[in-house]
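Colleague: Listed in order, the protein sequences are those of chains A and B.
Note that the numbering used here has the first sequence beginning at 689, numbered continuously upward.
Note that the numbering used here has the second sequence beginning at 9, numbered continuously upward.
In short, the hints are calculated from the structure, not lab data.
Every value quoted in this text rests on a predicted model; they were computed, and no experiment measured them.
There could be a bad hint or two in this list.
Claimed, not checked - Partial selection, computed: residues in chain B whose CB lies under 10 Å from chain A:
id: 1; residue: PRO16
id: 2; residue: SER20
id: 3; residue: ALA37
id: 4; residue: TYR39
id: 5; residue: ASN40
id: 6; residue: GLN42
id: 7; residue: GLY49
id: 8; residue: LEU52
id: 9; residue: TYR84
id: 10; residue: LEU97
id: 11; residue: GLY102
id: 12; residue: THR108
id: 13; residue: ILE111
id: 14; residue: PHE112
id: 15; residue: GLY115
A virtual CB, placed ideally from N, CA and C, is assigned to each residue, including glycine.
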Amino acid sequence: DAGVTQSPTHLIKTRGQQVTLRCSPKSGHDTVSWYQQALGQGPQFIFQYYEEEERQRGNFPDRFSGHQFPNYSSELNVNALLLGDSALYLCASSSDRGGYEQYFGPGTRLTVT
Amino acid sequence: KQEVTQIPAALSVPEGENLVLNCSFTDSAIYNLQWFRQDPGKGLTSLLLIQSSQREQTSGRLNASLDKSSGRSTLYIAASQPGDSATYLCAVGGSNQAGTALIFGKGTTLSVSS
Chain A
689 DAGVTQSPTH LIKTRGQQVT LRCSPKSGHD TVSWYQQALG QGPQFIFQYY EEEERQRGNF
749 PDRFSGHQFP NYSSELNVNA LLLGDSALYL CASSSDRGGY EQYFGPGTRL TVT
Chain B
9 KQEVTQIPAA LSVPEGENLV LNCSFTDSAI YNLQWFRQDP GKGLTSLLLI QSSQREQTSG
69 RLNASLDKSS GRSTLYIAAS QPGDSATYLC AVGGSNQAGT ALIFGKGTTL SVSS
């Protein structure tokens, strides 16, 4: 079992650009959540996808959007990048069968210059 | 609005010591609580999951307790080792009817010296 995988590992973008991050959930999981972690802080919830729909959303602007595919993999898109979007982006997967225990991927480090 | 607080923010102990990390949350209507470990620049590793109906969970040298009524959880680490050095994060999960987003504390950074 490969666990949760994320790509790319690192990314450098310029202010105003757009970025897409990708996540493949752990085998058997159908729910994907995205989190943003700034340096020295705990992760902050962005949104959660289940059955290809956004089920829950945190306090993030509409510049942050996502998608879940039929194979349960997911993308996070961020438009009009700001310097403050620089962070570690974490993807987590879970399922009701596992009591919604969330398993995290290694993250994507995004740097906006 | 759920808020999670972890005390202390940092902790340094000599190898072999038993230690307790504390987590408190403001809304007792939680679905579950998870403890994670994070090494610098890395993702999160799940250590223990406690469902809202449970009082504690154990895995090896780790024991986590949950007191929903008082909004508290503790992570007990027995016989600490240098390899335990990391940041430990506590997170509470909301009702599964509306989604199961985790709300995190800022973490406790543990340093175990040999």
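Colleague: Look at each hint and say if it fits the structure.
Modeller: These are the hints, each one checked on the structure:
no. : hint   : in the structure
1   : PRO16  : 15 Å, violated
2   : SER20  : 17 Å, violated
3   : ALA37  : 15 Å, violated
4   : TYR39  : 7 Å, holds
5   : ASN40  : 6 Å, holds
6   : GLN42  : 7 Å, holds
7   : GLY49  : 7 Å, holds
8   : LEU52  : 4 Å, holds
9   : TYR84  : 20 Å, violated
10  : LEU97  : 6 Å, holds
11  : GLY102 : 8 Å, holds
12  : THR108 : 4 Å, holds
13  : ILE111 : 7 Å, holds
14  : PHE112 : 3 Å, holds
15  : GLY115 : 6 Å, holds
Hints 1, 2, 3, 9 from the earlier list are contradicted by this structure; the remaining hints agree with it.
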